[in-house]
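The listed protein sequences derive, respectively, from chains E and D.
All letters in the first sequence, in the order written, are residues 1 to 351 by my numbering.
All letters in the second sequence, in the order written, are residues 1 to 304 by my numbering.
Derived by calculation from the structure, the hints in this document are not laboratory data.
Incorrect hints may appear among the rest.
Simulated crosslink set (DSSO-like; lysine-lysine; CA at most 30 Å straight-line) [claimed, not checked]: (1) E:K139 with D:K128; (2) D:K123 with E:K139; (3) E:K139 with D:K88.
Far from chain D, some chain E residues (derived; all Cβ distances over 12 Å) [stated by the list, open to error]: (4) Q77; (5) H88; (6) N245; (7) S265; (8) N270.
Only part of the chain E face toward chain D is listed, based on derived beta-carbon distances under 7 Å [stated by the list, open to error]: (9) L16; (10) R23; (11) G120; (12) T121; (13) R123; (14) Y124; (15) T127; (16) Q128; (17) G129; (18) F130.
The model shown is predicted, which means the values in this text are computed figures rather than measured ones.
Ideal placement from N, C-alpha and C gives every residue a C-beta, glycine not left out.
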Amino acid sequence: MTTQTMPAPPNPHATLRPLPWRRMAWVAWRQHRLALAGVVAVFGAPAVYLLISGLPLHHAYAAVTACRPAGSATCRQVAQNFLNAHVHGVLVTAGLLQAIPALIGAFVGAPVLAREFETGTFRYAWTQGFGRTRWTIAKLAPLATAVTVAAAAFSVLFSWYYQPIIGAGGGDSSPLAPTIFDLRGVALPAWTLAAFAIGALAGILIRRVTPAMFATLAVWVGLAVLTGAYLRPHYEASLVTHNANAPADALVINQGLSRGGKPASLDMINQTLRPVGVEAITAEVFRAGPSTPAGFGDPMQYLTAHGYTQSTTYQPASRFWPFQWIEGSWLLALSLLLIATTVWRVRRRAT
Amino acid sequence: MNIIEARGLGKCYGGSWALRECTLAIPTGHVVALVGPNGAGKTTLLNLAVGLAAPTAGTVTVLGGQPAGSGAALDGIAFVAQDTPLYKNLSAADMLHMTRNLNRRFDDGYARARLDELGIPLKRTAGKLSGGQHTQLALTLALARRPQLLVLDEPMAMLDPLARHDFMAAVMTAVADHGVSVLLSSHVLAELERVADYLVLLSSGSVQMAGEVDDLLASHRVLTGSAADADRYAERLNVVHARRGEAQAHLLVRMNGATEPVPHGWEAHPVSLEELALAYLREPGAAALPGPARDRPQPSELTT
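All chains, full assembly: derive it from the sequences and hints.
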């Protein structure tokens, strides 16, 4: 051993001061600038589209807001015409935008670690002086922040884009409806962060880029669908109304007829309707028969007169923000848990 | 100080042991050849030593007692993995920059001068370098870290004979100039015979022979004599491997000392390193494991 390497026998308990984090900044930037460009593209292209189509939408909406006297039949018609013309296109756009978090998870989150395994470069990276645990954190944290911030900015833009639809009465769509709720407020950044975290964990568990991407898509879609269908409607106890018309902007969970406090079966309803020759196809859709008296009117009124009550279980639109915070919170907690698990796997991992 | 010290080290992958009961104490300042057939556990042992893998059993420390994979260990060990993985889309200059950022010490001037000398353009991406240049770049990055221990896993697999020579010359220069200890693996002993002064022979997951090359050569002899007497002598000697002809028998014997008398009527010849390694590899039961920092095993099994 020469003098250079052996000034004193190293103390096994001596701890070296870790290398400063900023050393990793250049590394993370140099390695992931393409991924960051991808993030800009994934959010930027739809953002440009939202701006281009949002301006005429707001222009058209100006006619609705300018209508006086507000609330008059004429103005309601103006609003309805506006919705008829635009709501379909807006909802299709919103449907397509659902893909954004999934794309971020698959194309940004999954390859971060999976590519290191696929190419074997983890054996270079993890044997440098920086240490693999901090190396992983220094890569995941800036990327997670970047995708979350980009998604937050995008959700502001989408809210602006969607504002005229809400202002004009919302059409048939509630702000709590699945494809709208998760593009606004804190839900979009939270879902995007969750997708990124799912991708990162899938990357280290699967260690191959393409399978990890598909796994990320599958898990994210599963989580989003289950949340929209089963979880979100139950963030708070739902409300029930027996009024025939539930608020138009509410998220309807369940609608049905009951008699004597018990849910009415289709058979019961059909028996009641037989004298007037009307057939109930579902509890809401009816078909008049040849024996139905002319000018029979609304079968629902007939049923109400025969002891039926209509009950609608729903979440009012006013719960939009509480629900946003609930969803944002648990998704944030889940994302942090997934990222912590990823870091732990890197730390623990044996080749 | 031991550059690597393993006690009862074992690594199990999905129920099968890639390495087991590995006990080693390699002193600092050597060029260590880790030799064994494919699948003998060489890469596993190296991964454990550099902290990429965690042991299933036993312990391994490096650089005089540092746990493998600890901060101090990472700091003092430069590892060039098999197939020399580098980021293909990064240029040589970027790889230099990255390695400098990720380590406490990095001799940028040395690295640039060496790449210049090798004719490796700084702007070319690692993916576009030839196999030889790629390996040289990986070695340059490792050497520029000024490690105490350089670990190379099958470093010459991708190189043609001329590039192998250049590669080993660079390693040996670092040994001479900076006193770096080197641990390099290969399944071809001939590659390392000229440079290594310490040999670790691995076979089916266990260490079969370990020691300084000079000691190993000095303690083994080939005895040639009458085949009729062979069995009689074999009982008294530590025979590693026996080769018998019609009339003559060749016994590769581990001597208990250089002065051990040769039986009457027999001739003793020195043994070459390759001959020695092959003899041990042919006899999985034989083992020669010196080392003061560990329990000396029973003298090698008598095998014929």
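Restraint: G129 of chain E near chain D, CB-CB cut 7 Å. Satisfied or not?
Holds: closest Cβ of chain D sits about 4 Å from G129 of chain E, inside 7 Å.
Under 7 Å is the threshold here; is the Cβ of L16 of chain E close enough to any Cβ of chain D for the hint to stand?
L16 of chain E check passes; min Cβ-Cβ to chain D is 5 Å, inside 7 Å.
Is the shortest C-beta separation between F130 of chain E and chain D less than 7 Å?
Since chain D brings a Cβ to about 4 Å from F130 of chain E, closer than 7 Å, the hint holds.
K123 of chain D paired with K139 of chain E [C-alpha distance capped at 30 Å]:
holds (25 Å)
At a threshold of 7 Å, is the proposed contact between T127 of chain E and chain D supported by beta-carbon distances?
Hint on T127 of chain E: holds, closest Cβ of chain D at ~4 Å, below 7 Å.
For the pair supplied as a hint, K139 of chain E and K88 of chain D, is the alpha-carbon distance within the 30 Å limit?
Judged against 30 Å, a Cα distance of about 18 Å means the pair holds.
Non-interface label on H88 of chain E, tested against every C-beta of chain D at 12 Å:
holds (44 Å)
Given Y124 of chain E was flagged as interface, is its beta-carbon under 7 Å from a beta-carbon of chain D?
Cβ of Y124 of chain E sits 5 Å from chain D, so the hint holds.
Should the interface hint for Q128 of chain E be scored as holding, given a Cβ-Cβ cut-off of 7 Å against chain D?
Where the cut-off is 7 Å and the nearest Cβ of chain D is about 4 Å from Q128 of chain E, the hint holds.
Hint validation: T121 of chain E versus chain D, beta carbon distance must be below 7 Å. Holds or violated?
holds (5 Å)
Hinted contact R123 of chain E with chain D - closest CB pair below 7 Å
holds (4 Å)
Confirm or reject the statement that N270 of chain E sits farther than 12 Å, beta carbon to beta carbon, from all of chain D.
holds (63 Å)
Violated hints are absent here; each numbered hint is respected by the structure.
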